[in-house]
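S.K.: Here is what each chain is made of, one letter per residue.
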Amino acid sequence: MVSVLKIVDLHAKVEDKEVLKGLNLEVKQGEVHAIMGPNGSGKTSLAYVLMAHPRYKVTQGDILLDGQSILALRTDQRAKLGLFLGFQYPVEVPGLRFGSFLRTLATEVRGDKTPLSQFYSQVKQNLARLGFDESFLSRSLNEGFSGGEKKRAEIVQLMVSRPKFAVLDETDSGLDVDALKVVSEAINSMRGPEIAFILITHYQRILKYVRPDVVHILVDGRIVKSGDYSLAEEIERKGYESIKEAMTNA
Amino acid sequence: MSVLQKTDLRLPKLNEDDIRRYSKEMNEPEWLLESRLKSFELFRKLQPEISPLFQKYADLSGVSLDSYEYLRTSRKSSVTPTFEELGNPNFVVQAGGNVLRVPQELLEKGVIIETIQEALERHQELFKRVFLNKVVKSESDKFAAFANALFDTGVFVYVPRNTTLEEPISLVYLTDRTNSAMVSHTIIYLEPNSFAAVVEEGYSISKDTGKPLVSVLTDIQLEDASRLAFSSFNGFSKDVRSFSNKKARVGRDSTMNWTFAYMGSAFTRGRLENIMAGQGGSADDIEVLFGDGDQRFDMASDITFVSTNSTGAVYVKAALKDSARALSRGVVKITENAKKSSAFLSIHSMLLSRNAVADAIPTLEIDNNDVKATHSAAVEQIDEEKVFYLGTKGLDEETSKRLIILAFFEKAVERIPSPSLRMKIRSLVEHKWRGSVGEPPKVEEDIFEWALQFGKVSPISDIFGTHYKYRTTVEKK
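Note that the protein sequences, when read in sequence, are chains C and P. At position 103 of the first sequence the residue is numbered 103 (UniProt numbering), and the sequence of numbers has no breaks. At position 224 of the second sequence the residue is numbered 224 (UniProt numbering), and the sequence of numbers has no breaks.
Be careful, since some hints might not be right.
Label pairs and their calculated CB-CB ranges [as the list claims (entries may be wrong)]: (1) C:R110 with P:E380: 43 to 49 Å; (2) P:G110 with C:Q122: 48 to 54 Å; (3) P:E380 with C:K17: 36 to 42 Å; (4) P:P192 with C:R129: 44 to 50 Å; (5) P:S420 with C:R110: 28 to 34 Å; (6) P:K128 with C:D133: 49 to 55 Å; (7) C:M247 with P:E380: 30 to 36 Å; (8) C:T114 with P:K238: 38 to 44 Å; (9) P:R434 with C:S117: 27 to 33 Å.
Think of the hints as simulated: they come from the structure by calculation, not from any bench. If you're wondering where the values come from, they're calculated on a predicted model, not measured in any experiment. Ideal placement from N, C-alpha and C gives every residue a C-beta, glycine not left out.
With the rest of the complex left out, here is chain C (with noise of 0.2 Å):
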């Protein structure tokens, strides 16, 4: 069965700031959207709140995963059940060795029951993949890690977690144009029906080399157009101030 991640007229709060205003999404396993907006459009707030942030609040609507509200459910828990979401600005967190954690995360989250041994060798072929040398294993989760390594890091650990629905968050900023090729033949390559992402950028320049399904306009909290990938040249061309003008008219 294919799931469905579905948002409904989804309002929420960060210390007492709506940040978003009845944001409305639905995406299907298999498929890749893109959510891209302007600065301060709310688009790591629903990146947050998808994933149960603590400091933020949902005052109305629903997510729904396979028409459950999940709501109620705590970050891990989502995760568990599919969700997966890669950082703008991923945590450090010293001590904690980026090899040990990798394993972590596969028996933990996926139950998986790969011997040890097998599981580094499929390990070390995805960080060879994304231009990592080995000895990163024994280093520190994110710490010391140059921006563009915390973002290929990121994607490492999305190929142990495998979730249903990734939702990436500005994965390509901070990213030089090697780096992006190379996320994006990560993420090319992960493509199927098995797996959807939510790519949310800033820019266009993701989407040349991962070609979304659909492109989302975010504004104010709340998705203001949908369209194919043209849509997304079309901001490129003239940038978001002419939706805003359009809004504005309309």
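Got chain C; can you put chain P on it based on the hints?
M.R.: Relative to the frame of chain C, chain P by itself:
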């Protein structure tokens, strides 16, 4: 914390004649007796905290020194630890008793690992020279004077020029008697271009009902281009009062790496100092402590720069649960002549309960302009953002916090050159965090280490301070 009156600390029931009697019975030379007597006088005279800056923090409540038997002429542990228990290192020295095993090839290289008594009998001239040059001065601290005056056990380690000890020397301290006092004095001397690692471990081997006292003095002298990695684990039961006074003189181009894990004891007082005596020397100190229940810690880690182009770094990390308390302080002192010194001092505490108390006092005293020195101090709780981040990957709050706590200690633990001790410390961290007894679950880091070893993922980082974070912090500054 209360201001300690001089009279609050009950002193040992001993006088000079007792020291003379012991020294004579042990056949000690006159210079050693003189040193003991001078130290004893200082011990009686000095305040528990001699720096006026920190006197208001001195708190020795629950500690008294009067009910112990000191200067015992025979000291044999009633239980000999097996090699399995100690992780089967190449050789084991038991400070409370005899040297158990030293490989023949090391003896042939001229390495000396002996009890103080043996050293006096067999290598008195060498021992005297090293002893009279020692760096843990009785003038500097009441409890340094205490150990200098009243030690009745200890080890002399001497590593000749151009000699590398492949396996760590294991120094094990065991408290095994009610109201016993163990006062130990260890001297380590490395000749130029030599290398050694020492792992010091303290355990209680019976469930004592008294308040055992452990006082460990460690005096280290590193000649040019030598290197010592010293790891220390305090795993005593929670009725032990432990005192530690350690100091290293770091010679030209030589390196001193300290790693401490404090888990046990009711009260722990630690004093550490590195003196950067030769140009181009390097020292670092990574200390972690985990207090729960009513445990108290009073820690100081200082670095004094007297020569040029030296590097020193101190990282202290304390995690405190229940009503545990820790005072952590450090003084970086850079003298007028110590140009191009580079110093880093950081003290971070994590409070895991409302009643836990942490005080952090980093101090810089710098007398010239041509230096780089930074310090930081923070008292924090478990970071909500870290828990959320790990949560988004599917780890529940309990698991995330457990991993964060383990990670908090890992910077120190990973440097300890003993797999069994690393595992022991991790499992103790788990126990303390869960507040449980019984068999702890497997710790991810242990499994990962196993994978590194048998799954041939990649070589584990060199134990002696080549961790990238450490390297960049120390070298780039």
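S.K.: Taking 49 to 55 Å as the hint, is the beta-carbon distance of K128 of chain P and D133 of chain C inside that range?
M.R.: 52 Å, holds
S.K.: Does the beta carbon distance between T114 of chain C and K238 of chain P stay inside 38 to 44 Å, or does it fall outside?
M.R.: Distance hint for T114 of chain C, K238 of chain P holds at roughly 41 Å.
S.K.: Given a hint of 36 to 42 Å, does the C-beta separation of E380 of chain P and K17 of chain C actually sit inside it?
M.R.: For E380 of chain P and K17 of chain C the Cβ distance comes to about 26 Å; the hint is violated.
S.K.: Can the suggested window of 30 to 36 Å be confirmed for the beta-carbon pair M247 of chain C and E380 of chain P?
M.R.: With Cβ atoms ~43 Å apart, the hint is violated.
S.K.: The hint says 27 to 33 Å between R434 of chain P and S117 of chain C; measuring C-beta to C-beta, is that right?
M.R.: 30 Å, holds
S.K.: G110 of chain P and Q122 of chain C, beta-carbon distance inside 48 to 54 Å?
M.R.: 50 Å, holds
S.K.: Honestly, do R110 of chain C and E380 of chain P meet the 43 to 49 Å range at C-beta?
M.R.: At 32 Å between Cβs, range violated.
S.K.: In this structure, is the beta-carbon distance linking P192 of chain P and R129 of chain C contained in 44 to 50 Å?
M.R.: 49 Å, holds
S.K.: Within 28 to 34 Å: is that where the Cβ-Cβ distance between S420 of chain P and R110 of chain C falls?
M.R.: 31 Å, holds
The structure shown violates the earlier hints numbered 1, 3, 7.
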